[in-house]
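Listed in order, the protein sequences are those of chains L and H.
Per the numbering used here, the first sequence runs over residues 1 to 178.
Per the numbering used here, the second sequence runs over residues 1 to 394.
Everything labelled a hint here was simulated from the structure, so no lab data went into it.
Take every hint as true, because none was put in to throw you off.
Rough simulated footprint, nothing fancy, chain H against chain L, three-plus residues with beta-carbon under 8 Å:
#, segment
1, 1-10
2, 74-88
Stretches of chain H that chain L covers, calculated by requiring three or more beta carbons in the stretch to come under 8 Å of a beta carbon on chain L:
#, segment
3, 129-138
4, 145-157
5, 187-195
6, 208-222
7, 229-239
Remember, predicted model here, so these are calculated numbers, not experimental data.
Heads up, the beta-carbon is just placed ideally off N, CA and C, and yes, glycines get one too.
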Amino acid sequence: MKRSSSLKLAFMGASALALTACDQPQDVAIFESVEQCSQQDGFDSNSCQQNMDLARQEHIAVAPKYSVIEDCEADFGAASCEIAPVQTQSGGSVFMPLMMGYMMGNMLSGNSRVATQPLYRSKDDPSNFRTADNQKVAGKTGLSTVPGKVAKAPTVKTSTLRRGGFGASAPSLRSFGG
Amino acid sequence: MERISIEERDDWRSQAEEVGFDFHTFDGEPYWDETACYRFSLAQIENDIEDPSADIENLCFEVVERAINDSEVMARLAIPETFWDYIRNSWLNREKNLYGRLDFSYDGKGPAKLLEYNADTPTALYESAVFQWLWLEQAMEREIIPAGCDQFNSLHEALVEAFKTADIEGPFHLASCQGSPEDEGTVRYLEECARQAGLNTKFLYIEDIGIDPDGHFTDLDDMGIATLFKLYPWEWIMNDEFGKSVPNSGLRFIEPGWKAILSNKGLMPLLWEMFEGHPNLLPSFFEDDPRISQLGDLSMVPGLTSGYVRKPLFSREGSNVQIIRPGQRPISVEGPYGSEGAIIQALHPLPVFEGNHTVIGSWLVASKPCGIGIREDDSPITKDSSRFLPHVIY
Numbered sequence: 001m002k003r004s005s006s007l008k009l010a011f012m013g014a015s016a017l018a019l020t021a022c023d024q025p026q027d028v029a030i031f032e033s034v035e036q037c038s039q040q041d042g043f044d045s046n047s048c049q050q051n052m053d054l055a056r057q058e059h060i061a062v063a064p065k066y067s068v069i070e071d072c073e074a075d076f077g078a079a080s081c082e083i084a085p086v087q088t089q090s091g092g093s094v095f096m097p098l099m100m101g102y103m104m105g106n107m108l109s110g111n112s113r114v115a116t117q118p119l120y121r122s123k124d125d126p127s128n129f130r131t132a133d134n135q136k137v138a139g140k141t142g143l144s145t146v147p148g149k150v151a152k153a154p155t156v157k158t159s160t161l162r163r164g165g166f167g168a169s170a171p172s173l174r175s176f177g178g
Numbered sequence: 001m002e003r004i005s006i007e008e009r010d011d012w013r014s015q016a017e018e019v020g021f022d023f024h025t026f027d028g029e030p031y032w033d034e035t036a037c038y039r040f041s042l043a044q045i046e047n048d049i050e051d052p053s054a055d056i057e058n059l060c061f062e063v064v065e066r067a068i069n070d071s072e073v074m075a076r077l078a079i080p081e082t083f084w085d086y087i088r089n090s091w092l093n094r095e096k097n098l099y100g101r102l103d104f105s106y107d108g109k110g111p112a113k114l115l116e117y118n119a120d121t122p123t124a125l126y127e128s129a130v131f132q133w134l135w136l137e138q139a140m141e142r143e144i145i146p147a148g149c150d151q152f153n154s155l156h157e158a159l160v161e162a163f164k165t166a167d168i169e170g171p172f173h174l175a176s177c178q179g180s181p182e183d184e185g186t187v188r189y190l191e192e193c194a195r196q197a198g199l200n201t202k203f204l205y206i207e208d209i210g211i212d213p214d215g216h217f218t219d220l221d222d223m224g225i226a227t228l229f230k231l232y233p234w235e236w237i238m239n240d241e242f243g244k245s246v247p248n249s250g251l252r253f254i255e256p257g258w259k260a261i262l263s264n265k266g267l268m269p270l271l272w273e274m275f276e277g278h279p280n281l282l283p284s285f286f287e288d289d290p291r292i293s294q295l296g297d298l299s300m301v302p303g304l305t306s307g308y309v310r311k312p313l314f315s316r317e318g319s320n321v322q323i324i325r326p327g328q329r330p331i332s333v334e335g336p337y338g339s340e341g342a343i344i345q346a347l348h349p350l351p352v353f354e355g356n357h358t359v360i361g362s363w364l365v366a367s368k369p370c371g372i373g374i375r376e377d378d379s380p381i382t383k384d385s386s387r388f389l390p391h392v393i394y
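Put together the whole structure using the sequences plus the hints.
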């Protein structure tokens, strides 16, 4: 047979089906410093340092970015933002919140499904650590159990400077596919 | 191969609207036309369309290999120099392609002749993959055609499978231009296929794409775009204001950058230069090729004596295409293209069935032939006013 043996259109026209991903709780560890991490039972300072370095690198990529420092401080509090090591296309400064801690897998449970990442504290909920995706993690350092989606790698959330830079070349045709 | 007049399903319009095929009629004229269908033998499909399509795809890869290592070729294709490294890397990194459509002139007898390759932004996908399939099943059920017919059309299965193995992580963004229901329909269908493959998708318009301070592209939620299917030609991306940010954006495009080499009409003279005499290729030249431009009268060029077609490098939907035949007035279609240069291709007129000029679009998904779609036009140049007709194998 040279044709598809079956064909369904599950989403088009009809109302979209909600896809529920499996969300298993994950054991994580949260620290503010390498020293604090090293003092945790079962954690060695080498791994603590490696995960800190990784989180610091991620911090640059995933921290929310702002082109105005006041906007950043409005979300994260006074003196809680820093200049990001990137620039706008026109050479302007970019701001991001300070990294307040980091999350890694619980070395005792050998959990590798936890993405090491930076943590932040927002102005409106300063008692909790939050991920770069603004998901609440926990209020205390040390070991915690969090929903699976919280332990996932953060998406690169960013701030859009401009839109509309694509599309100008399109002549007004019914279709340009062809 | 024959054209058979048949009865329409009386409810096809309402069915089309139910399944999202809302561009079935354009300006009051039918685009989907099931008052006739084309019948092929299995041998015609397999030997004359499917196998040559696979063969040509391989030849095209050789053209890409050559182009990325030859700045003269890249310049002849009018690809901006700032993109040469980017395109080269997209090929060397084996960035995966999704789909393409080879357009053939074929009458059921001689070898199919390749007219062009819509390698970057082909449309007519939805009607080929879905509505044509649906028609076949119902036409057999309602005894409009004999039971036991088949169709060269595993597009849907191939697309879902391709998305499963596309290594797309995180949300998959898909974009088309505003104001084109036909293009949006194509993209919405691809989104459907991606979701059936388990991907998490997000649709947006090309015009809504933003850029962040790091030079990453963003969607309307200010989320970074990691992988983007764009029904928007590479030559326009390269020309747009955001184009210069593409090479360092880290964004993975589908189709990948190297498709810019194949979607260009300059592919045709490159194929001819490298594989002259191939049964499925037509003699083709760049217009400024000294071998022909010095002759003055192109109808003196071997291979072009019975006429030729002039096509701008970036022409779409037949725009700015001219047919020149000795002793006859040229036939041409107006349009916005042409300043980028043009090619000259030997004339191999489309076959005419009951007054209709018929072109066969041969679909490739992940570079494998998996179906055809047939379009008819009243004129020898297939335009966006053409009609789509279903086909059967029996």
